[in-house]
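Note that the protein sequences, when read in sequence, are chains F and W.
So the first sequence is numbered by the numbering used here: it starts at 28 and just counts up by one.
So the second sequence is numbered by the numbering used here: it starts at 9 and just counts up by one.
Derived from the structure by calculation, the hints contain no laboratory data.
Quick caveat, the model's predicted, so the values are computed rather than measured.
In the DSS-like style, the derived pairs of lysine-lysine whose C-alpha atoms are separated by at most 30 Å in a straight line are:
1. LYS150(F) - LYS80(F)
2. LYS80(F) - LYS206(F)
3. LYS56(F) - LYS92(F)
4. LYS357(W) - LYS340(F)
5. LYS150(F) - LYS357(W)
6. LYS92(F) - LYS80(F)
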Amino acid sequence: MSAIIAALEIGSSRTVLAIGETQQDGRLKVICHSAIPSSGVRKSQIVDLDQVKTSILSVLRESEKKQLEAGSKITLGNAFLVVSGTHVHTSPLCGTTAVARQKVTQEEINEVQRSLHSFSLPKNRELLDVVERGYELDGMDEISDPKGMSGSVLKLHAILLDADANRIQDARTAADGAKLEIRDPLFAATCAADAVLEEYERQNGALVLDCGGGTTGYAVYINGRLAAAGTIGIGGDHVTNDITHAFQTTWAQAEAIKVTQASAMPTVLPGESARVQMPGDSPLMESRTVSRRALNTVVNARLRELLTILRDKLEELELMHRLHAGTVLVGGGARMREFPALIAQMLGTTARTGRPIHVDGLDDTPDSERLAAISGALLYAQRTYEEKSFFDIIRRVFK
Amino acid sequence: MSADQSLLLIGIGGAGSAMARGVKRAFGEELNFVTVDTDASTGGDDGRFVLLGGERLSGRGAGGDIAMAKVAAEDSIGALDEYLEGVRMAVVVTALGGGTGSAATLVALKHLASLGITSIVFASTPFPFEGEERQRNTTSMQAMVEEAANASFIIPLGSLIAGEDNMERALARAVDTIASGVTLFWRMLEKPGYIRFDAERLRRFISGASRGRFATAAAAGERRATAVAEAIKSSPLVSRLKGQVRSAVVGILAGDDLRLSEVGEIADSIRSGIGSVTSFEVATVNDEATFSGRIAVVAMLFESSTDEAAAGGKTARRGKGAVRGKSRILGVGPAGRGRFTNSEPTIYKGEDLDIPTFVRQNITLEF
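Work out the full structure: start from the sequences and follow the hints.
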């Protein structure tokens with residue numbers, strides 16, 4: 028029997044629930060996904076528990092409705108949690124051991140792994156993941172398997188991802204109120220990378236940019252491994268807020284005009300009208316138009332700022348010149364018109380929209396780039412389930 | 009009912025303090041206010057008074073001397089801080105034309121801006137017969153007050169009187185008009201309504217706004233909606249602005265019997281009367297106790313910026329020129345943070361990323 032797994036994402040813009048199942052060929056299929064507009068979340072952090080609880084209950088109901096329409100009924104008890112926000116921190120981690128007889132043994136590899144995991148986090152931090160980046164033997168790094176190699180000091184490098192424990196607990200509390208248990212919290216940007224990157228992209232150097240409503244997460248892969256990850260405190264809501272301020276309009280109007288009309292590049296393309304109709308929000312408000320160039324200038328300024336901050340961070344880590352496979356855009360912001368052109372200008376890389384390619388069931392979903400992170404979380408959940416199942420079998424055999 | 013502590017009414021100078029107390033009386037409920045003057049006799053028995061230049065002037069007033077009043081205000085403006093805790097928007101009522109009303113208003117506005125408090129000024133200017141020097145002082149102070157405030161409504165007293173009025177009646181009518189207008193404005197911000205226009209929304213609306221014009225009217229009876237709309241359109245403070253209005257807010261205050269058709273009629277009539285605007289908003293206040301059977305309307309019209317006017321109203325610039333100063337003030341204060349006003353700031357290299365990028369970077373927008 029294949030396992031049913033679920034993941035929950037409580038974003039600034041949307042609350043999303045996805046359910047997956049392993050197929051006979053071993054691939055994961057997303058059998059149901061539901062999304063509703065979020066409330067009670069600002070900058071990827073919960074600010075109103077009751078509203079978030081209501082959002083979770085609503086998305087659970089929406090999911091059940093979809094399942095009934097499809098002729099099935101799954102009772103969910105738990106879900107993996109997709110986490111984003113500036114409270115997610117990344118830091119380098121290193122384990123070290125001496126090589127006793129010049130050639131690295133399996134025991135010494137085990138020892139360096141134990142050394143790597145012998146850290147402790149402050150009470151207010153919760154572990155999301157420890158992602159191994161490769162071994163180093165006497166100064167030679169990026170070794171994938173050091174067993175049998177000659178040297179005297181073996182190191183194992185990794186990236187530690189941790190989050191504010193209180194923010195995770197808030198999500199757990201809200202989910203508890205909706206009778207849903209939260210399992211492992213997972214970082215959205217690395218989850219998205221798991222779902223959208225081709226292997227050659229991981230090997231040749233790729234940047235995954237998860238453009239959320241409240242914040243933007245990023246993950247860089249070099250030589251097949253995670254090289255850097257983090258969060259920038261600018262998201263799609265900042266773009267909307269800027270439009271609201273520039274044109275003195277409502278949030279709903281600004282959001283609509285951002286999604287349907289705005290461009291990341293300031294220029295007005297041939298064939299485009301010079302003015303943009305502001306969508307109606309209230310019968311008492313004046314129907315009006317705004318300058319397309321002004322609209323694009325507002326959006327361009329914000330996105331340039333986002334990419335400048337990102338470029339500074341990656342240059343500091345000496346990773347900018349290694350992104351040979353380009354940038355992959357996921358999340359709601361991935362749909363911004365001309366964003367790839369701006370990325371080419373600011374980061375000097377190609378850019379494409381990242382749809383989840385390592386899961387089935389989303390081919391007909393038009394905005395599947397918005398499901399990249401949650402699809403990656405399901406992939407993680409599938410791996411976790413399979414590992415557990417393997418150990419269960421071993422335990423049964425040796426019982 | 010306790011007053012909203014985020015909103016503060018400040019009366020500056022003798023006339024401004026009288027107007028502030030008039031607003032308080034007319035409002036009839038708790039109202040967060042303070043009066044400020046160099047003349048100790050202005051302080052009432054309410055204890056909410058800041059004396060400027062105490063030792064320097066001994067509470068005898070500045071005698072119409074702008075320079076003396078300015079120094080006195082700079083000496084003691086810090087004493088106002090006691091009343092500014094938790095305040096996000098200050099409504100300043102004052103009379104320009106010389107002395108404390110002019111100089112202390114400017115000092116106070118700069119102080120408010122330094123604390124990130126949004127300021128709206130209602131300032132009267134002298135009657136034409138009050139002399140050239142007062143007119144000259146007013147002209148120079150008016151420009152500085154308009155620059156220092158986030159939004160300003162300059163009300164020439166001469167435009168509020170009828171030719172047959174005697175002096176006493178004219179003055180009383182002018183002060184009453186301003187006080188009743190500010191009272192209606194205050195009700196609009198503090199009282200609930202079907203279409204709410206609270207202080208936070210006003211802060212957002214006036215971002216980038218320049219000089220404003222202000223008019224009020226009230227009517228009862230069968231055709232009350234038509235009557236108030238016509239009164240607003242024919243108001244001397246509004247009628248001469250036709251074609252120059254950039255944005256407008258119309259507050260409709262009424263009892264439980266306010267009809268949707270009346271809201272529509274008032275909005276349509278005033279909108280057609282002021283010509284094309286880039287932003288037009290309507291707010292309603294439902295206050296049966298005060299407005300039973302009546303409709304009162306508050307209209308706030310913001311003029312085109314200098315650049316817009318120079319370009320025949322077709323092009324406006326933000327970030328540089330006339331509007332630049334406003335954007336800068338709003339940018340560093342909480343107003344530009346919009347949706348993120350109550351969130352912890354996102355600081356990167358000393359900049360608050362929640363404030364719009366184009367504001368922080370002074371980018372010109374070609375409207």
